[in-house]
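Participant: Sequence:
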Amino acid sequence: MKRILSHTNKMLMKTNRILTGGLAFLMLFAGAKVFSQEKAKPKPKSEPKAVTAPGQMVKPVKGGTITDPNTTPPQKKIFPYPILQSKLENGLNVVTVPYQSPGIAAFYIVVRTGSRNEVEPGHTGFAHFFEHMMFRGTDLYPKDKYGAVLKSTGASANANTSLDRTLYHMTGDANKLETMFMLEADRFQNLKYSIQGFKTEAGAVKGEYTKNSANPYTKLNEMIQNTAFESHTYKHTTMGFFEDIVDMPNQYDYSIEFFNRYYRPEYCTVIVVGDVTAEKVNTLAKKYFGQWKTGSYVSTVPPEPAQKETKYTNLQKAGFPPYLSMNYKGPGYDAKSNDFPALDILCAAYFGENSDIYNKLVIQEQKVRSIGGDSYTTRDPYLISVEASLVDAADFGYVRKEMERVLEEAKSKPIDGKLLQETKMNFRNSAIMSIDNPTAIAQNLSHFTWVSGDPEQLNNYFGMYDKITPQDIMRVAQKYFSPERLTIGTIAPTEKVTF
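Each step along the sequence shown adds one to the number in my numbering, with nothing skipped, and position 286 is 286.
Think of the hints as simulated: they come from the structure by calculation, not from any bench. We put the beta carbon where it would ideally sit given N, CA and C, even for glycine. Incorrect hints may appear among the rest.
The calculated DSS-like cross-link candidates involving lysine-lysine, where the alpha carbons are at most 27 Å apart (straight line), are [as the list claims (entries may be wrong)]:
| hint | residue 1 | residue 2 |
| --- | --- | --- |
| 1 | Lys286 | Lys176 |
| 2 | Lys496 | Lys308 |
| 3 | Lys151 | Lys286 |
| 4 | Lys151 | Lys287 |
| 5 | Lys87 | Lys176 |
| 6 | Lys219 | Lys308 |
| 7 | Lys211 | Lys317 |
| 8 | Lys87 | Lys336 |
| 9 | Lys496 | Lys211 |
| 10 | Lys286 | Lys145 |
| 11 | Lys235 | Lys467 |
| 12 | Lys77 | Lys336 |
| 13 | Lys317 | Lys336 |
| 14 | Lys176 | Lys317 |
| 15 | Lys311 | Lys235 |
For each label pair, taking beta carbons as the anchor points, the in silico distance ranges come out as [what the hints assert, rightly or not]:
| hint | residue 1 | residue 2 | range |
| --- | --- | --- | --- |
| 16 | Arg428 | Asp247 | 46 to 52 Å |
| 17 | Gly417 | Thr498 | 37 to 43 Å |
| 18 | Glu208 | Phe499 | 31 to 37 Å |
Using the sequences provided together with the hints, build the complete structure.
Facilitator: This is the structure:
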């Protein structure tokens, strides 16, 4: 769960790992991010041996949630508004959240297709590419006319792409909701572009890649994903492999095929939040999306083999702040597991600005500019990261050892009860403050829609926070933070980093 993002470059890198395009959305529920002070690179990441005192043994904690009489008492649902769902015959899911926002409505379409679905060699980057192409227009609403009609609703359309989805969104006049439905249904069913228009946009995507890659944090992120993964499509970023981007102008026919595969009702969810009723939303959905034909394509994402040893990658960059990124293979989203909430709390408690390691390395010793940890809720197993921006490259080995020392402590020593409760409450308060307008509500429901297919999982996820125990924190630390799950990425003035 992203918690504190106070350094522009760090936020940029991590955002580019997980999210490409338009609005870099506040992924409050997407993983744990706790960075402090000058934050540098943001980044989308065996049963270890517990460290104990000499002669002492600690068995790994096994199983799922462990109940404890000292856990936080059950609280009300984090999301206080009704989530009203209906499904059209063609498979399109329609979600309505009536909310007291007179005259305002947020309109979101979640396409559960991201770089994860780019399974065919030579064709990476197309999910992000269609984020661009979807604004090319249709016969009924060419690009300029689309913009003019949209303007009449008081809204502006935007989109962004991540590992697991593409998200289209606008917020405007609730009285013009039918116009929003009409415009979006038309382009989702009738998108049209010429070969020349396709090539023009492909050139723009190449330019975007070049610009992004000039940022060392973004480049390191790309290198980390490519190094950490062997078979799974999380190996490439949402931008895609550069060689595929270069060849994209020659892939017009494939682009049509990609659109016909994934821009289908069974891959999509419409979310409308604001001054609306479910009756009106469902009526408009059926009117404008009801004739949309269901597809038949299902992508098969290659499973990732078990990693057997620590991997390394380094970006040589003289005159740039040294950077250390420790990335452990983590879990995929599972509605029945509390691993992600436990990891969120672990990252916040052990690597946040109130943590012992922050006090030691940032304040007392001043060896790092920033330090933090974060996990991300993704559909498939991704990466849990612990990262630091160093003052001196000579301290790479020392800072790594300090990070590993803290992780070993998390495996073998129960978290302080007061710290656990404070961390839980911070998450709850942040969550409550993030659902105070239609756009924010739609954004957060979108996240659980793309990772699970069900926006109701928002309440389930946060309900688990109240039940996390010290034993849960130890269990996930033992489960995920081991050398054979680790990929280390660095930015250094030298060709190689010696630890």
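Participant: Now look at each hint and say whether the structure bears it out.
Facilitator: Hint check:
The straight-line distance between the Cα atoms of Lys286 and Lys176 is roughly 17 Å, inside the 27 Å bound, and the hint therefore holds. Annotation: proposed proximity of Lys496 to Lys308 holds, straight-line Cα distance about 22 Å (limit 27 Å). Between Lys151 and Lys286 the CA atoms are separated by roughly 24 Å; this keeps the pair inside 27 Å, and the hint holds. Taking the CA atoms of Lys151 and Lys287, the gap is about 22 Å. The hint holds against a cut of 27 Å.
The straight-line distance between the Cα atoms of Lys87 and Lys176 is roughly 23 Å, inside the 27 Å bound, and the hint therefore holds. Note on Lys219 and Lys308: the hinted pairing holds, with a Cα-Cα distance of about 25 Å set against a maximum of 27 Å. A C-alpha spacing of about 17 Å is found between Lys211 and Lys317, which places the hinted pair at or below 27 Å, so the restraint holds. In summary, the hint linking Lys87 to Lys336 is supported, as the alpha carbons are separated by about 24 Å, within the 27 Å threshold.
Among the hinted pairs, Lys496 with Lys211 is consistent with the structure: their alpha-carbon atoms are about 25 Å apart, no more than 27 Å. For the given pair, Lys286 sits about 24 Å from Lys145 by alpha-carbon distance, which is consistent with the 27 Å threshold. A C-alpha spacing of about 34 Å is found between Lys235 and Lys467, which places the hinted pair above 27 Å, so the restraint is violated. For the given pair, Lys77 sits about 17 Å from Lys336 by alpha-carbon distance, which is consistent with the 27 Å threshold.
Between the alpha carbons of Lys317 and Lys336 the distance comes to roughly 43 Å, so the proposed pair goes past 27 Å and is violated. Straight-line distance between C-alpha atoms of Lys176 and Lys317 comes to about 51 Å, which puts the hinted pair past the 27 Å bound. Taking the CA atoms of Lys311 and Lys235, the gap is near 14 Å; set against the 27 Å cutoff, the hint holds. About 48 Å separates the C-beta atoms of Arg428 and Asp247, a value consistent with the hinted range of 46 to 52 Å.
Take Gly417 and Thr498: their Cβ atoms lie about 40 Å apart, and the range 37 to 43 Å holds. With their beta carbons about 35 Å apart, Glu208 and Phe499 fall inside the hinted range of 31 to 37 Å.
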